[in-house]
Amino acid sequence: GQGGANETDSSEEKASGEKSSEDYEIVVVPKDSSNPWFVRMETGVNEYAEETGLNAYQKGTDEIDATKQAQLVQDLIAQGVDAICVVPVDPESIEPVLKQAREAGIVVIAHEGASLENVDYDIEAFSNQGYGAFIMDNLAEAMGEEGVYTTMVANVTNASHNEWADAGVEHQKEKYPNLTLLEAEPRVESNDNGDTAYNVAKELLKKYPDLKGIMGTSSYDAPGVARAIQELGLTGKVFTTGTGMPADNAELLKDGVIKSLTLWDPAQAGKAMISLAVSVLDGETVEAPLDLEVEGYTNLQFREGSKTVLEGEGQIIIDADNVDSFGF
Amino acid sequence: MKKTSFLKDKHVKRLVIIMVLWAVFMAITRFSKFYTVINFQTMFAQFPEFGLMSLGVMVCMITSGIDLSVVGVANTTAIASALLMRSIGGDTGTMAVFWIPILFLFAILIGTVAGALNGFLITTFDIPPILVTLGMGELFTGIGIVLTNGAAISDFPKDYAYVVNSRFAGIPVQFIIFALVAIVLAIILTKTTYGKKIMMIGTSQKAARFSGLKVNYLLIKTYIISGICAALGGMIMLANYNSARADYGTNYTLQSILIVVLGGVSPAGGRGKISGVILATILVRVLETGINRFPQISSYYISLIWGAVLLFVMVLDYFSENNIKLLKRK
Amino acid sequence: MEDYVLRAVEIEKHFSGVRALDKVTLEIKRGEIHCLAGENGCGKSTLIKVISGVYQKDGGIVEYDGESVEKLTPIDAIKRGIQVIYQDFSIFPNLTVMENLAINSELVENRKFVNWKHVREIAQQAIAKIGFKVDLDAQLGNLSVADKQMVAICRALMFNAKLIIMDEPTTALTKREVKALFKVIMELKAQGIAILFVSHKLDEVFEIADRFTIFRSGKLIATGNTEDLDDKKFSFYMTGREFDNAVFKPTNVTKDNIIQVKNLSLDGFYKNINFAVKGGEIIGITGLLDSGRTELALSLFGLKPSTSGEILIEGKETVIDSPQAAINSGIGFVPEDRLSEGLFLERSIGDNIVISEIDKLTKKGFVDKEKYEREIQRWVSELTIATPNADNAASTLSGGNQQRIVLAKWLACEPKVLILNGPTVGVDIGSKHDIHSILQKLANAGMAVIIISDDLPEVMQNCSKVVVLRDGQVAGELDTNDIQERQIIDIMM
Amino acid sequence: MNKRIKKILQQNEVYILIIIFALSLLIQFRSGQFYTPNNIVDILSAMVVPGMFAVGAFLVLLSGGIDVSFPALASLSAYAITKSLLDAEYSGNILVPILLAIVIGIILGSINGFFVGYLKLPALIVTLGTSSVFKGFMQGTLKSKQLAVIPSGMKKFGTSALATAENAKSGLTSVLPVAFLVLILVLIITFFVLRYTMFGRGIYAIGGNESAAYNAGFKVKRTKFLLYVFAGVIASVAGVIRVCMMQQAHPTNMLGMEMNIIAGVVLGGTSMVGGKGTLTGCMLGTLLIVLVENSLILIGVPVVWKKVFVGLLIVIGTAMSAYQVKRADKQRVKLTVDKEVA
Ligand SMILES: Nc1ncnc2c1ncn2[C@@H]1O[C@H](COP(=O)(O)OP(=O)(O)OP(=O)(O)O)[C@@H](O)[C@H]1O
Ligand SMILES: Nc1ncnc2c1ncn2[C@@H]1O[C@H](COP(=O)(O)OP(=O)(O)OP(=O)(O)O)[C@@H](O)[C@H]1O
Ligand SMILES: [Mg+2]
Ligand SMILES: [Mg+2]
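Chains as they are written, first to last, in the numbering used here: chain A, 12 to 339; chain B, 729 to 1058; chain C, 5 to 497; chain D, 256 to 597.
Derived from the structure by calculation, the hints contain no laboratory data. Be a bit skeptical, because a hint or two may be false.
To be verified - Reference excerpt, derived from the structure (chain A facing chain B, CB under 7 Å, subset only):
no., residue
1, 68
2, 72
3, 73
4, 78
5, 93
6, 104
7, 167
8, 220
9, 221
10, 336
Please read all numbers here as calculations on a predicted model, not as lab measurements. Ideal placement from N, C-alpha and C gives every residue a C-beta, glycine not left out.
Here chain A stands alone, though its shape is the one from the complex (with noise of 0.2 Å):
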């Protein structure tokens, strides 16, 4: 019946060199597993391949690392998969791999790594800028508009965080003039440690004590300062913000220590990273506006003076009313 008939005309189709969508071996790789982020995406890739019965998966390194990421990929490509949905440690490292990857003819679509070159296509959840300013007008809110601040990133190594505090503090340079940049500390590491981020937010409010907010990026920053400022009986008085997942910080926002925190639903990202994936493999046209059938991602605009960066509008506020309702 059914299957065997399924069979025959797949093998045909392989005969003819083309794929049911159903043979295509689609890996997401992330930057890591451990960060609830990571582990959201992979709900929605299963999700995704779930519904759609395709063979897609999220396979992460054990540590968030340029080099094993790399590696990874490469034995990837070595292991001929259809398509790669990379989300980048660190795009420099990863652009040599995914030219190979290209080159072996295998799809590649990347996530938060709108740098890249070696990519068919990069699907944001909005522009890296975009999201910076972002970030920034919820410090700025939090902060009445006026005061020090300072940012957080998880290293300075660290390539997206990186870029999201410049681009928050050049918005802020040009949106809040009553808010000033910490210039002896403008940028400080929390490793992605949720104790370091801690730590430093003390260090930081007892030499700087005029200080008032600590944009945070990386989603260990805000819940580690938030207990700094907890701690130093500072609630109401220092803010921070930054990206974070609902149900981790439900109770900070409920306890007012953190106004709002900002994010985009990786679950979503991930779907439709493999969504695109699977138009490219099948040979359809991609152009704007795209619409991968994605929440957030239904109406996809290249990013101006780019063919490969997609935006889309999937960032979120969350805040003590809204953050029960997400459901992760």
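Model the placement of chains B, C and D with the ligands on the given structure of chain A, informed by the hints.
For chains B, C and D with the ligands alone, coordinates are given in the frame of chain A:
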């Protein structure tokens, strides 16, 4: 002759057996996805970078020392070379091929300086190598960050990466470099007096001094060798990722130690075969690549398997050495 | 039926092939002083370790007070009243004297907790027993070798032991301390405690032992009462050879000094040392421990460079600030502590022999395998090092043979001056005799030999003159032909 | 010169103390914030977890071994406990988590203990191996991920204040968590064990001369085994405490601490070959490391210079103390000799 002496070593033999077992397992389960030319070319382009670092750690461990600064040295070297290339060819420009050997000489120079520093501190102040190299590792990484503000450098002539990433008669150039270094090192360790001497120092530094060996000089030399290996490892990373950054390969520090002990080098010093370390290097890579062939197996199991293999091999060693006694105890 | 504290009958022990003990029997009567003698490596220490439960025997019977015991741990042995003073003392350099003294009894009483008052009391009793003066709170590692050994002895004495085993207790002791020790031993005997006494020194054996047992290469050769024994018999039992202990007469002494030392000083250790050695001469340097003799030796070999004064080699002033400098100017040095300073125990005998001359055994910068092996074979045969295979680890050899390796290492460097610090410490008469004749041969071949030793018979027998050090200064330089040991001792003390 | 003073000057603790003091002055000078009550409290609470880790590492080094597995051990145990208590919707107090930590510590520690003690395998190799096994088990088998919410009891314990220091000027308050008492407790127990139990003396004895210890009648194997179990328990508890204090369980961010901790312990004068070292030194060394890691901003080290600074400090610090000890040893030898000569 070579082969017999190679397989005489119990430990090495065991590594070979494990590797064969794994090879067979992969053949049964994932033949078509594992036994492909491209796959082996990939693996043999991947392991040289940490393979070289492991070789460096090995010589230090033979003298009963250790080198935790390899990754720091590697990255700083890569960064410095990248900056040099930029100043030669400009951000996007090109660079004549004859610069490449010069670049490697430059890297070797950096490695030498770094190693000499380590060796100097260890010998003149009697600081435990583990501390000196830990501190120096931080220091070198720090210098790398200062040089780059932590960002990656990728805007330099692509010619270098192009050459080192290419294949020679199907063999990845990275591997050829690794092989050359390994051969030279093997000769140094087995055929020269230096090799004999550091083995003796590893056995007893006191006796070495009383035998009139220039212990300090030999130790400094050893850490210089390690520094050079690390620097070359950095040059390969520079090619593989066509960019340099202070935090690439941070997990290589522990990994290289793991490889070295897995390769049968005694942390107490005085014992160690380069063949063992090379085998261990390849084994580690083959295991990881193999695991990556199983979508359903999380890569988290890789470290579990490494650890298990390491302990397994050690326990085998133990029983093979103590079997007589054990029989008696029964 | 005699009353034995200990009977070890037909004991066997193998070490990975090596048959260390081959059905040896040792019987010790209550309250006797029993001497166990034999060449290096004949199995004395091994038997002791079997008796005291450190090693498990491979065959035979061990009876304590007539009660046979199968598996035994050190603690059991101690509980049964067996106390051992091991050859290597087996003490804790990182702990205080007090603790070293008390630790055993703490363990025997099976205490789980430490009562420091109690510990101090025990320690005080221990040293009181033989009136040994030492700072109980000092770290043992900082004590002199002799003091370390005294601590080990005191530790053993503390228990109401039935049998105290002393494995070469006098090796590191000077005459004075040996006297003290013997007094103690006699007292113990009076208290009915049996002593098993391992020694290579004939005079000692005759002085105190009631009965003796002699092994040779893991086999029992003879046992009986000391009265029925004399030097010749004794050394024959041990070695199966006869030898004459003729005094050495230098035959070709050069006119000029090969090495001369002028006003040599090292702050805090020795001052204004002067002496000279001609080629073909063997001179002795003697003195109590810490008389500066060891430091002097170290200075001459560049390990503790002197702070003032000069060293002339063949008349030329030579700066010796490192072992390399010493070697290059033709000085070889056989150190005091064979095991830690002289040898790489885990390395092969061959590597140990050639390590110091290895740079000469090369061809175009690479080790020349042929030369290498040839050199090793040459020295193994020349110094008759008893080993089936030069690839075995040096640790598998016993004292005498190990000392030969160290000698070989230096002879291989063809030195003009050979300095030996305690060349025959813990070496049996057989090997001792051989080593002496080697040194004499070297001298006759024109080498200047300096023996640093407090084994006066050795000095008298080999050296034409002896420099006596006291408190870091030359207390006298004497011609051995016209003095007696007695006089030297007087000057030493 | 007074013998007592000489003796004191031979101790490496003194030099660490000097370095720490110098550093504190630097911080004070740069930020005016070191000698403020809240800052002191901050440093103390930052000491809790590293301090406990250091004690474990210290004990193992004393015995002549080395343990690089404690961060992995702590992470595994802490994660397993937090996760299972969450799943069980446990709402009780801290006792159960601590008890669980002790049990798991015993189990994991005895793995190290078995290999190092009874099989006499090199400690570095064993702990490297177990370290990656623990990690792999946690991440692979337990599928660990960050837990942003922890059981109420643990959270309460982590946040409850033992003391609260307020900085009069800036009005900042810092809380000394009750967890600090756990560190104190561990220190007291360890001190007691080392000083007043044969087990403790056995650790020193084995570190000083293993076969002598064996000859003297110490149960070498058992002692080593128990030692690693003890170290395992300390690490495991430390892991849980850290989770409580951070109010979230992050599976991997303890990994990689081992080297800095060991560096601190050795800085404090503990010999890498065993037998020598004091608890005081161990704590001072750790304090120095913690101080550096948590004062870079106060000192005003630009973030990109951070690692350079830390690296230099480790190197210079160790060089200084190593050099002083070397000199002291020389003097000691002289002393004894002078005594004899005089
Ligand atoms: N642990 C060991 N492993 C292997 N062989 C050993 C070991 N201990 C002793 N032997 C061998 O057993 C034999 C007896 O050694 P033992 O130490 O008992 O001799 P000894 O009579 O004490 O010599 P010495 O007078 O030098 O102390 C020697 O041949 C030695 O090489
Ligand atoms: N340091 C050592 N020196 C010499 N022999 C040793 C040493 N350690 C162990 N052995 C040998 O290993 C065997 C048992 O060792 P050990 O005494 O450590 O076991 P144990 O601690 O008594 O055993 P358990 O702890 O199970 O009671 C003994 O036969 C002994 O010969
Ligand atoms: Mg002996
Ligand atoms: Mg002996």
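Review point. Tell me, which hint numbers fail for this structure?
Key: Numbers 5, 8, 9 and 10 - these are the hints that the structure violates, sorted from lowest upward.
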